[in-house]
Each structure stands twice: as C-alpha cells, then as structure tokens.
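> Here are the chains, one letter per residue:
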Amino acid sequence: MAYPTDRKYTKEHEWIQASGATATVGITDHAQESLGDIVFVELPKVGAELAAGKTFGTVESVKAVSDLYAPASGTVTEINADLATSPEKVNKDPHGSWMMKITLKNAGELDALLSAADYEKFVAEEAGH
Amino acid sequence: MVDFNGWDMPVEYPAAIGCGIINEHMAVRTGVGIFDVSHMGDIRLVGPQALVAVQHISMNDASRLAVGQAQYSALLYPQGTFVDDVIVHRLGEDEYLLVINAGTREKDFHWVRDNTRQFDCAVENLSDDFTQIAIQGPKAVGVLQKLTDADLSAVKFYWITRGSVCDLKKILIARTGYTAEDGFEIYVPADEATSARVWNEILNAGKEFGIVPCGLGARNTLRLEGKLPLYGHEISDTINVWEAGLDRFCRMEKPEFVGRAALEKAKAEGVKRTLIGLEMVERGIARDGYKILGGGGREIGCVTSGSPAPFLKKNIALAYVPPEFAEVGTAVKVEIRGQGVAAQVVPTPFYKRPKTA
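Protein chains in written order, with the numbering used here: chain Y, 1 to 129; chain L, 130 to 486.
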C-alpha cells in the first residue's frame, strides 16, 4: 500500500498531518489491518494536554485493547465524534478517518518522525521477523 | 495465528477473503461456519463397567443416555469444583466417548484413568487420532448432507450417528457444538492428507450457502452470547457447580459420584458468589478480569468473560458477584482503565437460537 506523503508516521502506527501550528492525527492502514474490526475508540477530552510518545486514548477490536500514542505534544482542539457511533470507519478509511486535532506545542517534533517511504520500510521490516 | 494451549490456531481468518471475527460470527448465526477444533481431546471408555465408571466421574446421569445420545456434563474434584466440562457421548452398549478441552487433555486423561481403575473398563486417549471439524449454523445441515449418506434429518440435537463422510466410512457425526446454534461436529482420521481433503470438501460444498472458515475469536463471541462456560473462566478448580449455575447438569439423585458429598454440603451452606450476565449501559467494553464495583465503588466481583457481542450488538460479560447483586436489573459498574462504567444484570443466555417451526 502506498502511504500518503502529505503526513508523517510513528513506529506505533499513527499518522500526523500538520498544517501550520495545528495537526490532525489518526492510525495507519497497517494498524487497522492488524487490529481487525474496530468496535470502540476512546479519545481524550477537548483541552487535554498531550505529551509526545505518551498514550492519548485506546482503540479496541473485538478481541483486544490497544493504546494510542501521541505523535507530538500539544493541546486537543477537536475530536471526531463520528467514531463514537461508527468506529468501523477507521477500518474502511484509516487515512481519512481522523481521530483528533491538536495545536502543536513544538512543530519541530515532527522532524524526527517517519516519512511515508520510511514507514513503509518499517512495516515491511516488522513483518519480516 | 496464536498459541492456544500449545496449539497453533487462527484468531480469525483474513478480511481479504471476507472473514474477520464479526463476519465469522454473523455467518454462524445466519448461515454456516466451519471450525477446526482438533485441539479438543477425546477419551474413550469401553468395557462391561464403562457406564459405572462414567457415572463415578461425571456429574450428569449417563444412565439416561440411549446408544447414540450425548449430554453435557463435568468431571469434578472431591471438593465439588471442576476438573473440566465435557460432552459425554454413548457410542455403544458399553462404550462412551468424552470430548474434553484442549488445555486439559493430559490432566483429564490422567484424572479419568486414575479414578476408574477399580472398574472393569478400558480408558483410551484418542485425542491425537481424530481431526475434529465443527460445522455450525442454521445452514450447517444443508452443507453436511451433501457430503454424507447419513440421514441428518433423523439426528436430533445432542444425538449422534455414524455414516460415510467425504467417502470415509463409519465417521462419527454428532449434532453438537459450542456456538449456541444448530450444527454438527465430525471426527475424521487425523492424518494431514485426509484432514485437508475433508476441510476443503466442506468449504466447497458450503460455497452455495456462503460458508466461512471461523477462528478462535468468533468461537469465543459465539459461546459467550449463548452463555456457554469456558474452562479457566466461568468454571475452574476453585469454582463449584452451584456457583457456576450448572445445577441442571448435576444429578444429585445419583447416589455417588466424585464431588457429590462436597456439593451436598455446599448446597446447605449456600453460595457466596454466583455467575451472572451483564450488559454495558454506558459506553465501554467489559473484558476478562475487569473488576465489578458495587455501591460506593466497592469491589464486589470480577468479569470472567467479556466482549462485544457481534450479533446482539451490545457489550456483554459474565461475572461472579455475591448473590445479593444477582437480581436481573441490578445496576453495577465495571472498572475500565480506572473508571467505573455503568452496567446492569441481564437474563442469560444473552442469545437463544430461534425455534424452527
């Protein structure tokens, strides 16, 4: 799968798309495929302060609970209310189904994240184990 | 694929072929699904005192079984707690087959052998001799009938027969299962070539019925909706028959069986905890091991099995709580990642298959 090049990726399989000081966050196609049918998404409250690398919520499949990790530090400005009633949208369109929008504390944090090409390579290597 | 008690088994089949836990679950409820359940164990008791032996170790009354009939039961420890649950099949005049859990294969075999030495009956571990395949769902009979000369319409639920299946002779066919649906379990020779051929022939025969291969994930959600116990969760060596609510499978009118005396005493003392069904009221999924909270956030019990229920479209759970919290409608909370989330006690089983006219 070709991962969109308009965003950065983390090793925890989240994506972050920045536009100036705000960014949109979601999980990747690889993540939704590994999880299987997503039945529940738990997101932070608007106003919550997030630290890069720390958990910001959970995504649940029928069988398991997985933590979501903040790709960057910032303050939550909006969450996707759609996912409360239709979590399966994340499976159907992982790169279009955003989970939260944040005001970035330090846009420079994104420099350390993976490009689409690097993420694809990372996923391929993980699978090779 | 995961390690399930030493067995390499799929949790679910690929989304790319139309599977996944939810699709597999729905296929069994509305059409037909196929499971490889060869991990289950098989113990055969045969001999002049086979019935006496079974009666001694099994809590249900096997003397009620006609040849060709099966029943759900359990093997108990002297304390009245569970060695394992089991399906007892009467294969012949003096021949019984116990189908047991994968994780307890060795334990059960040794338990049965050690507790029946005094009887004139042979105890055989046939677990590795069979590939066991379950075909489950309202359309299961349509699929299997294409592959067998046995008249399946004559086989009632929890009865068995023998017939040709995929050109294999005298195959044991049981109208049993762990899905709370109609269905069959067949026992074919365990060699890989035969097993693979039979599996593929069933998939082929099932194509017109929309058959779907199903893994452990759907196996669990299906049995949970039907309130079928899972060893290590609802039943174990520290839980007794009354707590687990399996009274109707325990025939105390049998004068003797392992565990009977302890159960008599326990009945007189009354249960301190009882198995109940819960439905989540607020958003959240109760999972195995989560705490149940009563008034004031006090811990009163624990979830034994919890999951989203794909057919019922609710989040359900089985849990042990003190009897005073067991009434249907009682409000409790489930502790999910540090927060108490509202749930209520509901009648069980959560799902019962529709009666056919």
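Calculated from the structure, these hints are not laboratory results. The reader is advised that the hints may include incorrect statements.
[What the hints assert, rightly or not] Here are the simulated PhoX-like cross-link-like pairs (lysine-lysine), alpha carbons at most 20 Å apart as the crow flies: (1) Lys442/L - Lys356/L; (2) Lys383/L - Lys442/L; (3) Lys89/Y - Lys383/L; (4) Lys11/Y - Lys121/Y; (5) Lys92/Y - Lys442/L; (6) Lys443/L - Lys89/Y; (7) Lys285/L - Lys443/L; (8) Lys121/Y - Lys45/Y; (9) Lys383/L - Lys401/L.
[What the hints assert, rightly or not] In silico negatives: residues of chain L with every beta carbon more than 10 Å from chain Y: (10) Gly149; (11) Arg246; (12) Leu332; (13) Arg412; (14) Ser436; (15) Pro437.
Note that the structure is a prediction, hence the values are computed from the model and not measured. Think of the CB as a built atom: it goes at the ideal place given N, C-alpha and C, for glycine as much as any other residue.
> Would you mind marking each hint as holding or not holding in the structure?
Now for the hints, and whether the structure bears them out:
Of the pairs offered as hints, the one joining Lys442/L and Lys356/L holds, with about 16 Å between alpha carbons and a cut-off of 20 Å not exceeded. As the CA atoms of Lys383/L and Lys442/L are separated by approximately 42 Å, the hinted pair breaks the 20 Å bound. A C-alpha spacing of about 56 Å is found between Lys89/Y and Lys383/L, which places the hinted pair above 20 Å, so the restraint is violated. A threshold of 20 Å between alpha carbons decides the hint, and for Lys11/Y with Lys121/Y the separation of about 11 Å falls inside it, so the pair holds.
A distance of roughly 19 Å separates the Cα atoms of Lys92/Y and Lys442/L; the hinted pair therefore holds under the 20 Å criterion. Note on Lys443/L and Lys89/Y: the hinted pairing holds, with a Cα-Cα distance of about 18 Å set against a maximum of 20 Å. Proximity of Lys285/L to Lys443/L is assessed by CA-CA distance (about 31 Å); at most 20 Å being required, the pair is judged violated. A threshold of 20 Å between alpha carbons decides the hint, and for Lys121/Y with Lys45/Y the separation of about 34 Å lies outside it, so the pair is violated.
Of the supplied pair hints, the one linking Lys383/L and Lys401/L is violated, its CA atoms being roughly 25 Å apart against a limit of 20 Å. Remark: the non-interface label on Gly149/L conflicts with the geometry, its nearest Cβ contact in chain Y lying 5 Å away (cut-off 10 Å). With a least beta-carbon separation of about 42 Å from chain Y, Arg246/L lies farther than 10 Å from that chain, consistent with its non-interface assignment. No beta-carbon of chain Y is positioned within 10 Å of the beta-carbon of Leu332/L; the least distance is around 21 Å.
Some Cβ of chain Y comes within 10 Å of the Cβ of Arg412/L; the nearest lies about 7 Å off, and the non-interface call is violated. A cut-off of 10 Å between C-beta atoms contradicts the statement that Ser436/L is not in contact with chain Y; the least separation is 6 Å. Once the 10 Å rule is applied to beta carbons, Pro437/L is inconsistent with being away from chain Y; the minimum gap is 5 Å.
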